[in-house]
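Visitor: Below, each chain spelled out in residue letters.
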Amino acid sequence: MISIKNLHARIEEKEIIKGLSLEIEAGKVHAIMGPNGAGKSTLASIIAGREEYEVTDGEILMNGKNLLDLEPEERAAEGVFMAFQYPLEIPGVPMNTFMRTALNAQRKLRGEDELDSLAYLKKIKPLAKTLGVSDDMLKRALNEGCSGGEKKRNEVLQMAMLEPTFAVLDETDSGLDIDALRVVADGVNALRNEQRSFLVITHYQRLLDYIKPDVVHVLADGRIVETGGPELALRLEEEGYAKFVGEAA
Amino acid sequence: MSDTAPDNTEIKSHIDALKTYKAGFVTDIESEKAPKGLNEDIVRFISAKKGDPEWLLEWRLKAYRHWETMPDPKWAKLDIPEIDYQDAYYFAAPKMANQPKSLDEVDPKLLETYEKLGIPLREREILAGVAVDAVFDSVSVGTTYKDKLAEEGIIFCSISEAVKEHPELVRKYMGSVVPFHDNKHACLNSAVFTDGSFVYIPPGVRCPMELSTYFRINELNTGQFERTLIIADKGSYVSYLEGCTAPMRDERQLHAAVVELIALEDAEIKYSTVQNWYPGDEDGKGGIYNFVTKRGICAGDRSKISWTQVETGSAVTWKYPSCILKGNDSVGEFYSVAITNNQQQADTGTKMIHMGKNTKSRIISKGISAGKSNQTYRGQVKVLPGAEGARNFTQCDSLLIGKECGAHTVPYIDSKNSSAVLEHEATTSKIADAQLFYCRQRGLNEEEAVALIVNGFCREVMQNLPMEFAVEAQKLVGVSLEGSVG
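The listed protein sequences derive, respectively, from chains A and B.
Per my numbering: the first sequence = residues 19 to 267.
Per my numbering: the second sequence = residues 6 to 491.
Hints may be right or wrong, so weigh each one.
To be verified - Computed cross-link-like contacts, DMTMM-like style, restricted to lysine to aspartate or glutamate with a CA-CA straight-line distance of at most 25 Å:
1) A:Lys-157 to B:Glu-451
2) B:Lys-435 to A:Glu-70
3) B:Lys-82 to B:Glu-430
4) B:Lys-421 to B:Glu-393
5) A:Lys-32 to B:Asp-438
6) A:Lys-169 to B:Glu-465
7) B:Lys-435 to A:Asp-134
8) A:Lys-157 to B:Glu-465
9) B:Lys-408 to A:Glu-89
10) B:Lys-480 to A:Asp-134
11) A:Lys-141 to B:Glu-453
12) B:Lys-480 to A:Glu-132
13) B:Lys-435 to A:Glu-162
14) B:Lys-480 to A:Glu-107
Hints were generated in silico from the structure; no laboratory data involved.
Sequences and hints are given; from them, build the entire structure.
Guide: Take a look at the structure:
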């Protein structure tokens, strides 16, 4: 269970998150929707530990620990994963090298044995196949020269490999055509289980046709302004965010 | 026990310090040294110790007299205090009752040192497939696999031994690529060189294993002046690797080496260096002055020389491995990774001299500066009038970590033949915060993230290293950049 309590955060002098509270039970998929500039991506970055945001109040509890006390890599080892809206390119570092280094870095932090290359390949091959990531892609430099769809598939593959307990998907649908969206959504759905929680951040309802949320929140002006079931997303699609923007302001 | 040998507490503190510089320990071993300072008598002393023939003593003395007249080279972008050449020892040898005839006679402490450094000196390491000549301070302590190589007619021994056993080859080629008067550091080396490796590959022979030399400076205030000479006869091939370390000392130490490569018709020499001399501490105290002259000549048609270097150590590096492309259709390559951190300074690059027709050269240089360090790529591509159809491709990439370091690129291009095609590309970049965060989100700490990104940046060069050393070099990248972020 993840519990965000009264979170306040700012970048430089500008307050962006203004008292946000949220609880996600194990095994549930929560969606956060909201207008541009509401603080959606900021929330994702704060959960993952990006340093340019200053948290002025509140806590984010997971497994009884306050994530805000941990370094980004320690949060990752605790089971936090963030799928980036714009996955980074790392020239000269093959996906396989990156993935194995990351996996073993997390295992080391948890005091587990490192995986040798054979065990690693045994683990990644079937997952890569399901997601349509070719051997050639695994050998290529991470995300270099990849299409938007390929980058997002790489993100989901990394998530599958790292087996997080809490996955945050930041605008995963952006830049994807409908076919790529389906592949990515199928990948995410395959990872749903009773222990794993998801926070799906999106501007559009479309993604939620493929990844069915248990709970939908509306984030406006740094706060959760409404919470409901999947039907809330459909209503937003029809009515837009205007009502909430007005309310929050 | 020599008067400078450290006591146990000092050794312990050095071992504690290994976390930062893993080769920084001192071996407690008796040694024999020449008196401090440099003059003709010292040159004669060294020559006598080495049992030089008359011609070599004459050569040394000629070099010494010329050296006295030469100014220190000042054109590099390096800030170095005036060097006091009289304040150093020019000869130090581990004391052994007699020259060892086999590894069993070598002081076990010496072998332990190499073991700590991970050098496979013993033949039981046969699987590693590396033949090693190890130079400890001034003396070559053991050459492995000699017999096996001899079956192929390959000569791999210390240069002192080559002077005695193969004088005709040494006399013919030593100084033929780097004349003793080439520059002040090479001139000093010619006067006082104490050891180094010698390789001869006979016509048509492909050397069946990597040949390797391991240099170590152990003694306090000692300079190391090794000389390496590699001759690849017609149609032969050899891959050679040198590695270097030194203990941590507060005093600056001088290292002035000379390497000469000769590739005859259709021969190929691949020369790789992993240089990890002690870089000094964070404040720039101590460390090695690495003044090296490396040059190869593609003397025959279709010959090839390839330099690969990973330079992470030394307080100051002054080094330009070069190729003289004399034979038609000959090829010269230079692949370089230079990493500077803290107060390190490096001025390094290459020279490609195109003389023959259709000669090709390729330069890939990757410079990484961190901390308060400064580095310069300095490269010259020269095409002489007779070099019809010469081609060069140069790529210089610099990566900056932090705000206090500097990177400079100084290419000199000089073409006297209008048919030559010369390309030059250069980039400068920084590690983006977003890249670091992405890696950290996946579980890497900041230093692991930097090491990974930098290794990616250097990949094109690292791929040229022999397999056995590529892994080691990658780890070294991480170690060299410790403390460069955060």
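Visitor: Taking the hints in turn, state whether each one holds.
Guide: Comparing the hints with the structure gives:
Between the alpha carbons of A:Lys-157 and B:Glu-451 the distance comes to roughly 24 Å, so the proposed pair stays at or under 25 Å and holds. The suggested pairing of B:Lys-435 with A:Glu-70 holds, with an alpha-carbon distance near 18 Å, which does not exceed 25 Å. At roughly 21 Å between alpha-carbon atoms, B:Lys-82 and B:Glu-430 fall within 25 Å of each other, so this suggested pair holds. At roughly 10 Å between alpha-carbon atoms, B:Lys-421 and B:Glu-393 fall within 25 Å of each other, so this suggested pair holds.
Between the alpha carbons of A:Lys-32 and B:Asp-438 the distance comes to roughly 21 Å, so the proposed pair stays at or under 25 Å and holds. For the suggested pair A:Lys-169 and B:Glu-465, the alpha carbons sit about 23 Å apart, so the restraint of at most 25 Å is met. Taking the CA atoms of B:Lys-435 and A:Asp-134, the gap is about 32 Å. The hint is violated against a cut of 25 Å. Simply put, A:Lys-157 and B:Glu-465 have alpha-carbon atoms about 14 Å apart, close enough for the 25 Å limit, and the pair holds.
Taken as a hint, the B:Lys-408 and A:Glu-89 pair is honoured in the structure, with Cα atoms around 23 Å apart against an allowance of 25 Å. Restraint check for B:Lys-480 and A:Asp-134: the C-alpha separation of about 17 Å stays at or below 25 Å, so the hint holds. The hinted pair formed by A:Lys-141 and B:Glu-453 meets the criterion: a straight-line CA distance of about 23 Å does not exceed 25 Å. The straight-line distance between the Cα atoms of B:Lys-480 and A:Glu-132 is roughly 17 Å, inside the 25 Å bound, and the hint therefore holds.
Proposed proximity of B:Lys-435 and A:Glu-162 is supported: the alpha carbons are some 17 Å apart, at most 25 Å. For the proposed pair B:Lys-480 and A:Glu-107, the alpha carbon gap of about 22 Å is at most 25 Å, so the pair holds.
When each numbered hint is compared with the structure, a violation occurs for hint 7 only.
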